[in-house]
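Student: Here's the letter readout for the chains.
2 protein chains.
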Amino acid sequence: MQFNSNFNDIAESYLFAEVAKRAQSYGESHPDKKILRLGIGDVTLPLAPAVISAMHSAVDEMSRKQSFRGYGPYEGYDFLREKIRGYYASFGVDAGMDEIFVSDGAKSDLGNILDIFSPGGVALIPDPVYPVYVDTNLMAGRKTVFAAADRGNGFLPLPDNSVNADIIYICSPNNPTGAVYDFGGLKSWVDYANSRGAVILFDAAYECFVHGNLPRSIYQIEGARTCAIEFCSFSKIAGFTGTRCGYTVIPRELVRGGLSANKLWLRRQSTKFNGVSYVVQRGAEAVFSPEGMSQIKQNLKVYENNAKLISDCLDGLGIYYTGGKNSPYVWLECPGERDSWRFFDKLLEEAQVVGTPGAGFGKNGEGYFRLTAFGSPEVTAEAVERIKKLF
Amino acid sequence: MQFNSNFNDIAESYLFAEVAKRAQSYGESHPDKKILRLGIGDVTLPLAPAVISAMHSAVDEMSRKQSFRGYGPYEGYDFLREKIRGYYASFGVDAGMDEIFVSDGAKSDLGNILDIFSPGGVALIPDPVYPVYVDTNLMAGRKTVFAAADRGNGFLPLPDNSVNADIIYICSPNNPTGAVYDFGGLKSWVDYANSRGAVILFDAAYECFVHGNLPRSIYQIEGARTCAIEFCSFSKIAGFTGTRCGYTVIPRELVRGGLSANKLWLRRQSTKFNGVSYVVQRGAEAVFSPEGMSQIKQNLKVYENNAKLISDCLDGLGIYYTGGKNSPYVWLECPGERDSWRFFDKLLEEAQVVGTPGAGFGKNGEGYFRLTAFGSPEVTAEAVERIKKLF
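Sequence lines, in order, name chains L and H. Mind the numbering: the first sequence is residues 803 to 1193 in this note's numbering, read in order. Mind the numbering: the second sequence is residues 803 to 1193 in this note's numbering, read in order.
Honestly, the hints are just simulated from the structure, not real lab data. Be aware that a few hints might be false.
Because identical chains share one entry, a pair is satisfied inside a single copy or across any pair of copies.
[Stated by the list, open to error] Straight-line C-alpha distance at most 25 Å; calculated DSS-like pairs for lysine-lysine:
(1) Lys836 to Lys885
(2) Lys1191 to Lys1127
(3) Lys835 to Lys1065
(4) Lys989 to Lys835
(5) Lys1110 to Lys1190
(6) Lys835 to Lys867
(7) Lys1110 to Lys867
(8) Lys1099 to Lys867
(9) Lys823 to Lys989
(10) Lys867 to Lys836
(11) Lys1065 to Lys823
(12) Lys1065 to Lys1191
(13) Lys867 to Lys1103
(14) Lys989 to Lys1099
(15) Lys1127 to Lys835
(16) Lys989 to Lys1127
Start from the sequences, fold in the hints, and give me the full structure.
Tutor: Listed below in structure tokens is the structure:
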């Protein structure tokens, strides 16, 4: 038996390892300098009290024979799916109970969803991008093409009818650029997908940062139910990066060649998955309680204030950026420098601020730099002061 | 884009749904009868106090900024992998830290592992069998052939050198038959695999029921490190069916065509998975503490006593069976009946005992019946009395 040689096509990603290595090396040779880290995409605030309390109760249930839970439903417990349904309804989307699948995170589902597609075809992926979309398709031996995101289109590429695509990835608010599609932009993607029978994989992991008149879900767009699958997560809304819970929505209308994506996914999950930990699902349920929502909004406010601090600073300096509003990411053009790794070194050496070089997210990321709002307010404020002084 | 038409080849499994339907229907028309259920493969005893306490502590850690945990390592936290390593060492297997991967359950890994294999080839699967081995290969479009397990070989088929196989599934102790390979049996499979470069996928989910001079791990067999991947789980040893944690071992020596299975799996997991919930990993760690192990052995003893009750009863009645010792499953020849669904109906109607018809596990399961030891001691004892009276 041979192993899957498609893995040879995947570039080893040293991005975050290289970032950590350079920061560590600088720290060791400059022990007197305080390094401020705005590079990671991981949350830092603890779980909300309502979530903690729900998880303690669920652990207690698991300790008693009468309330112990064994195997749960593959698609998640009704108590959680009902709450997710209600959350969708709060921004006008009607998702059926049988269209909602609870998982251990959006990343798992974004990778595993490829099981339900035929081999072959072309995946259209924005550049720059979260590397997982590319790598999962390369593993499956699928051809990938890129939609160039750049300053010209505000890092929000629109469909090009001369490009053929079978699977289309959209992440809005985007990682790494923080750019958010408006209703018109998403509508053009939905129309493009429907016109050729393509399927949109919509990554909504950052929807909780969206305010104002912008779509939070692809299903706010007419026609999306016949062409789109949506992936969402508790990681950013509720700090679940280490607790692990997400959900995927697959409309009943998404049918190709007589096969229902919804039914195929249920079959896939019932064969290769055994549901999410009961304790975690109870924690996720509590996110949607009135207290949970109120506590979680306080945490989000902290990150949003950080993002505003950073974007206000860039506004003051006249540096071009996307994101910062409706997103925890700020994606800036490296001032006076086209090489994003050289900019990384400059920022580290002259301001002791760590970010992520745009080149790590794709060819079009060169010349750009990602700062995140997930640090503490104190660290963010100090980093902003140092950046102001530097430029 | 078309969806994966290989899903059309998978038979809809109505096994447990049909079992539940018939039992419910009988119950509704006979409200005075007490139905005893020995059909499910799910645990019923609560989590051990040491596990509960560890999970509460971990939830508390998640409530404080200083001890909060975000994204964890893809392969699992060191604190848990060190304990798994120690557990393996307790039965003489030396597994390296970088060979152990923590997951959300053996079922997920048994399905997802196929990502690292080339398309094509032949999967050799025992019959009767846990349906997931067959279905995951059909989804991937891989040819499946069967190794007949029957009374002639004690439901422990041995390799046939005239059969070509690239991937070989072995589950020992077996689900559904409860049969356990001895060292010689597993050695012949390891030799067969090594002789043709095949890879064994060894499902050790029930290893905790093994006593005496029988292998608990494929790595107790010389030569296994060049041909085998092992899947294990906290589901049965510690009642984690609803808590979700397992682990997979991939030796560094498992290399084909220059590709290391261990490195491919790490790459697969880092691309399509984001680790197991921190709280769950702390619970799993506590399984291996001295108190945890002692508490868990008490639970296992309850299930083992149930299995002994059932097998002693069958011994007394002179009914052929496998399992019952070193396994929570008892697999019996249907007395006086070749049709396992007719036997199901007879047992339900005349003794109000629910089991699982062997035909649901494959062609060779016809004429057999599975009883499980996961019920309560009281229910098991009463079921055994009724079976004694019936035959």
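Student: Work down the list of hints and note, for each, if the structure agrees.
Tutor: Status of the hints after comparison with the structure:
| no. | hint | in the structure |
| --- | --- | --- |
| 1 | Lys836 to Lys885 | neither (44 Å within a copy, 36 Å between copies) |
| 2 | Lys1191 to Lys1127 | within (23 Å within a copy, 74 Å between copies) |
| 3 | Lys835 to Lys1065 | neither (56 Å within a copy, 37 Å between copies) |
| 4 | Lys989 to Lys835 | neither (49 Å within a copy, 60 Å between copies) |
| 5 | Lys1110 to Lys1190 | within (14 Å within a copy, 75 Å between copies) |
| 6 | Lys835 to Lys867 | between (55 Å within a copy, 24 Å between copies) |
| 7 | Lys1110 to Lys867 | between (50 Å within a copy, 22 Å between copies) |
| 8 | Lys1099 to Lys867 | between (36 Å within a copy, 17 Å between copies) |
| 9 | Lys823 to Lys989 | neither (42 Å within a copy, 45 Å between copies) |
| 10 | Lys867 to Lys836 | between (52 Å within a copy, 20 Å between copies) |
| 11 | Lys1065 to Lys823 | between (45 Å within a copy, 22 Å between copies) |
| 12 | Lys1065 to Lys1191 | neither (57 Å within a copy, 45 Å between copies) |
| 13 | Lys867 to Lys1103 | between (41 Å within a copy, 16 Å between copies) |
| 14 | Lys989 to Lys1099 | neither (29 Å within a copy, 59 Å between copies) |
| 15 | Lys1127 to Lys835 | neither (31 Å within a copy, 65 Å between copies) |
| 16 | Lys989 to Lys1127 | within (21 Å within a copy, 62 Å between copies) |
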